[in-house]
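There are 4 protein chains.
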Amino acid sequence: MPSSFDQEENLALDKMSNNIKKLSAFDLRGFLVLGSNGELVHLSDVEKIQVYEMGREAITQDKLMIAGTGGQSTRETIMLTKAAAKAGADAVLVLNPFYFKGLMKPEALKQHYFTVADASTVPVIVYNMPANSGMDMDADTILMISEHPNIIGMKDSGGNVAKMGAIRKRVKPEFQILAGSAGFLVPAMSVGACGGILASANIAPAQCIAMHKAFLAGDMSEASRLQLDIISVNNAVTKKWGVPALKEAMDYIGLYGGPARKPILPLDAASKTDLLKILNDYNIKS
Amino acid sequence: MPSSFDQEENLALDKMSNNIKKLSAFDLRGFLVLGSNGELVHLSDVEKIQVYEMGREAITQDKLMIAGTGGQSTRETIMLTKAAAKAGADAVLVLNPFYFKGLMKPEALKQHYFTVADASTVPVIVYNMPANSGMDMDADTILMISEHPNIIGMKDSGGNVAKMGAIRKRVKPEFQILAGSAGFLVPAMSVGACGGILASANIAPAQCIAMHKAFLAGDMSEASRLQLDIISVNNAVTKKWGVPALKEAMDYIGLYGGPARKPILPLDAASKTDLLKILNDYNIKS
Amino acid sequence: MPSSFDQEENLALDKMSNNIKKLSAFDLRGFLVLGSNGELVHLSDVEKIQVYEMGREAITQDKLMIAGTGGQSTRETIMLTKAAAKAGADAVLVLNPFYFKGLMKPEALKQHYFTVADASTVPVIVYNMPANSGMDMDADTILMISEHPNIIGMKDSGGNVAKMGAIRKRVKPEFQILAGSAGFLVPAMSVGACGGILASANIAPAQCIAMHKAFLAGDMSEASRLQLDIISVNNAVTKKWGVPALKEAMDYIGLYGGPARKPILPLDAASKTDLLKILNDYNIKS
Amino acid sequence: MPSSFDQEENLALDKMSNNIKKLSAFDLRGFLVLGSNGELVHLSDVEKIQVYEMGREAITQDKLMIAGTGGQSTRETIMLTKAAAKAGADAVLVLNPFYFKGLMKPEALKQHYFTVADASTVPVIVYNMPANSGMDMDADTILMISEHPNIIGMKDSGGNVAKMGAIRKRVKPEFQILAGSAGFLVPAMSVGACGGILASANIAPAQCIAMHKAFLAGDMSEASRLQLDIISVNNAVTKKWGVPALKEAMDYIGLYGGPARKPILPLDAASKTDLLKILNDYNIKS
Chain A
0 MPSSFDQEEN LALDKMSNNI KKLSAFDLRG FLVLGSNGEL VHLSDVEKIQ VYEMGREAIT
60 QDKLMIAGTG GQSTRETIML TKAAAKAGAD AVLVLNPFYF KGLMKPEALK QHYFTVADAS
120 TVPVIVYNMP ANSGMDMDAD TILMISEHPN IIGMKDSGGN VAKMGAIRKR VKPEFQILAG
180 SAGFLVPAMS VGACGGILAS ANIAPAQCIA MHKAFLAGDM SEASRLQLDI ISVNNAVTKK
240 WGVPALKEAM DYIGLYGGPA RKPILPLDAA SKTDLLKILN DYNIKS
Chain B
0 MPSSFDQEEN LALDKMSNNI KKLSAFDLRG FLVLGSNGEL VHLSDVEKIQ VYEMGREAIT
60 QDKLMIAGTG GQSTRETIML TKAAAKAGAD AVLVLNPFYF KGLMKPEALK QHYFTVADAS
120 TVPVIVYNMP ANSGMDMDAD TILMISEHPN IIGMKDSGGN VAKMGAIRKR VKPEFQILAG
180 SAGFLVPAMS VGACGGILAS ANIAPAQCIA MHKAFLAGDM SEASRLQLDI ISVNNAVTKK
240 WGVPALKEAM DYIGLYGGPA RKPILPLDAA SKTDLLKILN DYNIKS
Chain C
0 MPSSFDQEEN LALDKMSNNI KKLSAFDLRG FLVLGSNGEL VHLSDVEKIQ VYEMGREAIT
60 QDKLMIAGTG GQSTRETIML TKAAAKAGAD AVLVLNPFYF KGLMKPEALK QHYFTVADAS
120 TVPVIVYNMP ANSGMDMDAD TILMISEHPN IIGMKDSGGN VAKMGAIRKR VKPEFQILAG
180 SAGFLVPAMS VGACGGILAS ANIAPAQCIA MHKAFLAGDM SEASRLQLDI ISVNNAVTKK
240 WGVPALKEAM DYIGLYGGPA RKPILPLDAA SKTDLLKILN DYNIKS
Chain D
0 MPSSFDQEEN LALDKMSNNI KKLSAFDLRG FLVLGSNGEL VHLSDVEKIQ VYEMGREAIT
60 QDKLMIAGTG GQSTRETIML TKAAAKAGAD AVLVLNPFYF KGLMKPEALK QHYFTVADAS
120 TVPVIVYNMP ANSGMDMDAD TILMISEHPN IIGMKDSGGN VAKMGAIRKR VKPEFQILAG
180 SAGFLVPAMS VGACGGILAS ANIAPAQCIA MHKAFLAGDM SEASRLQLDI ISVNNAVTKK
240 WGVPALKEAM DYIGLYGGPA RKPILPLDAA SKTDLLKILN DYNIKS
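Residue numbers (numbering that gives the first Met the number 0), protein chains in the order written: chain A, 0 to 285; chain B, 0 to 285; chain C, 0 to 285; chain D, 0 to 285.
Chain A on its own, in the form it takes in the complex (with noise of 0.2 Å):
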């Protein structure tokens, strides 16, 4: 879920609540609030509460909450589980604290996750995200990190499906591996990833939905099909043009997309006609 501002860049909470409730019609799992799109790293600690409460309250109890609270320091990154947790927040999605690279060895990394697990009333999620944090945590990382009895997965954004079936391979069964991204979902789950948190399921959830089922079904030739066709316009929205593109795309589809804040700058007119070319190649109308 992106995190919806109104024009003036304040939180416009009862936006996306709107959004929360319209997406509920589907059959997704659930909901993360306050990820890379959530603009997590662009809200106030009392922002990213807001988010989180308003989240549970829009969220119904069937579908998961999964609350973003990853930040630089150790001692953040438990303020804000434990606000995630109170307000309602099935899991906590982790990014890696990545300021001071140099510094985040395998040591440090596991340091971070067990302190914050330890202090976690809701399972730990890692998350991997090395085109934002220019870092990409290892398998022997994750490994290590996986072993904490309150760490229950992972969601991979870097899409290296070597290292996701490695970390397969050796972790512990109930360990959950999530593609990052709606790019690789199938691949993903072809080494053994069991689901994905996808941006795309913002404007696409009935094919994220229909390509998840049906490579659980064993229908590998419709799998291999939807993770075609959907390929470009998921990279329209994450890699091409990011932020600013799911929400225009949002916006037309009848969700509320709005700004996001600046730096971010809106599309520009060509790339926005670019966009809506390819959300109409795949059949997304608004």
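These are computed hints drawn from the structure, not numbers from a lab.
All copies of an identical chain are treated as equivalent in the list; a pair is satisfied when it fits inside any one copy or across any two copies.
BS3-like cross-link-like pairs, simulated, lysine-lysine; straight-line CA separation at most 30 Å:
| # | residue 1 | residue 2 |
| --- | --- | --- |
| 1 | Lys109 | Lys81 |
| 2 | Lys171 | Lys271 |
| 3 | Lys276 | Lys168 |
| 4 | Lys104 | Lys168 |
| 5 | Lys271 | Lys100 |
| 6 | Lys171 | Lys239 |
| 7 | Lys261 | Lys20 |
| 8 | Lys171 | Lys212 |
Since the structure of chain A is provided, determine the placement of chains B, C and D on it from the hints.
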């Protein structure tokens, strides 16, 4: 196929020929001579041609011989391509020029590949190998290059399955995408690769074939299982320890491995012990 | 200036204030609070403002107080910039937003810096810190940004002196280029930097000042000698071991170092021994 | 020295010889044949030897001839080194092997350079060129390599002056550090480089010499001025447009430039116009 050298690092064509003959007992589609693991960059032009000729002699006509012919200059690549074709190669695998990285814009790469493909009497396969070349050709560049009628496929060793899917979706139907590593064969096939050119096929040909067949048969759970099983041993003979580990493993199973050319050092004793353990765990026995 | 924490990782403003007072005995031009080594990213907004206020109280009026105020969003950066100015900062140091790396095109960065500079009552200094941010702003981007009248300089921690020279040649004359590390102060000055903001000045202020003065006096052989001497110790407290080593060294010489906030771990025993040897070799004694 | 080719891309030794003779009028210490801009990687072994022989014929005995001889294998490097020595080279410049990046650990690089230096009758200069090789040898590796008595210096094209300083501080006094680009000659000299091997010396020899002499004479303000002046033109013929721009500029000033070998494309018309403007701004006239 690794290239075989004796203890003085001279080309040992008979050893390489024997390896081919032994591996021909397996239902492999063909052989690649002078890929990265064939130490293409370590051979003189004369030696390269000797390998092409030995290759065709050893490889029976019912199996394909693919020859690595990519050099830094277009003219060298054409010279090697013609020599490989003359020796009887069925296709050539052309790694992109990469030394002048900053100048290798899409247009330069396209002209290079088009010129080579024009000059070649056999089909050309594009080879993308970022870990060694330090460059990663993107989907748009590959798509431009794929428009030449004599360019029939690509080997991608980068493992970016979203990119493979993006290419698959838009490329001509007959274009063959080949996984460049056994570490992601199944995920690559799940986005439209038709097979792979795999270092691990030298030491685990039966397992590679089984994995490929399981996928083609639609038995995803078996394909996934085989995929997860092979990742560790594949990693050992590629990313982790590379050519000397692959050769060590070949020696271990009764093929000829021998030394790599310097500056590549043999495995140290501790790594060798670790490697043998990984092989044994995977049920590769001497 | 590192930020000071007690053993429970709570802000220890008195310790930091004492450090400033002791270091004020040296002929330093001023102090930076809440740069990278000030663990800006580890502090809450409230804590940041406390540090700004403590800083101005401790830093005498004849010395400059520069305050780090760069956040990921433009609005947070403006909020912190205003708070720092209100607290009495002479200038603010603004690290570029970097989480959404793919979106931080020159135009987005320019608008960010221009908006901040418009809103700021004190001058703005651009901060480029690729090792932590994972982004390296190029000369053209810096030149675009430098056109704002309230943007008066840059701190460059990347060490690319050809880039500094390219900027120096084309930028407005009053624009101040500041070396971001004592590891390349003299080379930076040789291409037009006027000084530096240096972590090593916390533990070797006299040597940093001597190096600066030697260059200004035209005594290149002395400047070069001092430059070569400091590289090893500077490397130890920055790139090699970072903040915990800097704090360890401060403890060693009678300033307050204390712990960094987690996930940054304290130096292990072996590294500490190595560090002390490097300090002693450089004639830094307890 | 770029290598000269005629319009069919055949080696034009007479053109290259003429270039050397014309440039010999300047007080350059010597010439490098078959460096990166000499398109070493684009020449066959036979052609390389032809260039070495032409070089020694054209370069008078009072000037040094340095020959690039670095190949991917140790044996090829030794073969070329012996050929260059036999042709009369005063020293060889050996780029590190880099294709098998993952295997080029410090020990492998050390053994490579030691074996080459043992086999060479002329002194060996280490060449670090990260932009092309995709690898950056660090200070510790260079220091290990520098211990061989026949290894007398390094050319560093990476521009990391803190690293150069770290090497200078700890290396044997007679080891010569040479700037690999005119973009940072003066900063490199400020940390102990004794000179440079500079592409820009082909088109601005007088300015390069003046910059070098100004530094040696202790006239830092003149050295800095010349350094800032040359950065733009140097950038144009190296990082920005590379070999074809350097050759275009040589044609422009009355030397022979000619084409680079494909896949390097000639400059397009717009870039050529930009280049000529940059040359003119720097007072390089036809």
